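Visitor: Listed below are the residues making up each chain.
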Amino acid sequence: DQQVKQNSPSLSVQEGRISILNCDYTNSMFDYFLWYKKYPAEGPTFLISISSIKDKNEDGRFTVFLNKSAKHLSLHIVPSQPGDSAVYFCAASAEGTSYGKLTFGQGTILTVHP
Amino acid sequence: DSGVTQTPKHLITATGQRVTLRCSPRSGDLSVYWYQQSLDQGLQFLIQYYNGEERAKGNILERFSAQQFPDLHSELNLSSLELGDSALYFCASSVEGWGGSNGYTFGSGTRLTVV
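Chains as they are written, first to last, in the numbering used here: chain A, 1 to 114; chain B, 1001 to 1115.
If you are wondering where the hints come from, they were derived from the structure by calculation, not from laboratory data.
It should be emphasised that the depicted structure is a prediction, and the values quoted were computed from it without experimental measurement.
Note that beta-carbon positions come from the ideal geometry of N, C-alpha and C, so glycine has one too.
Check before you lean on any hint, since a few could be wrong.
[Claimed, not checked] From the structure, some residues in chain B lie toward chain A, with a derived Cβ separation under 7 Å:
#1 GLY1003
#2 LEU1043
#3 GLY1052
#4 ALA1056
#5 GLY1058
#6 PHE1069
#7 GLY1107
#8 SER1108
#9 GLY1109
#10 ARG1111
Start from the sequences and build out the full structure, keeping to the hints where you can.
Guide: Next comes the structure, spelled out in structure tokens:
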């Protein structure tokens, strides 16, 4: 049972344009969401998070949007840079920020072309 | 360098064998988490320890066990290995017994190949 789904295995974007990565979830108990970025041969690195009481959180070039009614979140990267090329994972928790366990999606490979 | 150290980086072993993966958390972090990433899969939560005690458990197989030692390093023991256990195993750590708004910090993983 895949409770967190990233339906796009890959995304290709031109440098300077917007990258939009999507994530859907099925568990209505999820109340905290995170995005991680992963480069080859490295562990995932935390990028940005959002609580279910918000619908948007912004940090520099990265913005996460949450649509609770649709059980959908997205990560926007503007402008995209070649260094953003990586695998992006969304993750969810049912315990707010007091989580131990995170449920991850399968990841989306983002390629930003110069 | 994230500060979370995992050894070894690579491990190749035969079916039926037993291996031990080691994780040293970031200095000051009390909580350790273990995740498994199989091919084309997201990271699957295995188990969490906080200050030496088991805090949360995921879909960890009975053939797998873990512990956290007084110096806070953790070991994940995998026994009676099967081909399907081939995966990347990640360790992560956090200061508190939970992740918090800044996530938790992952190590670079151990790639286990069972032949």
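Visitor: Each hint needs a verdict: does it hold in this structure or not?
Guide: Going through the hints against the structure:
no.: 1; hint: GLY1003; verdict: 11 Å, violated
no.: 2; hint: LEU1043; verdict: 4 Å, holds
no.: 3; hint: GLY1052; verdict: 15 Å, violated
no.: 4; hint: ALA1056; verdict: 4 Å, holds
no.: 5; hint: GLY1058; verdict: 6 Å, holds
no.: 6; hint: PHE1069; verdict: 19 Å, violated
no.: 7; hint: GLY1107; verdict: 5 Å, holds
no.: 8; hint: SER1108; verdict: 5 Å, holds
no.: 9; hint: GLY1109; verdict: 6 Å, holds
no.: 10; hint: ARG1111; verdict: 9 Å, violated
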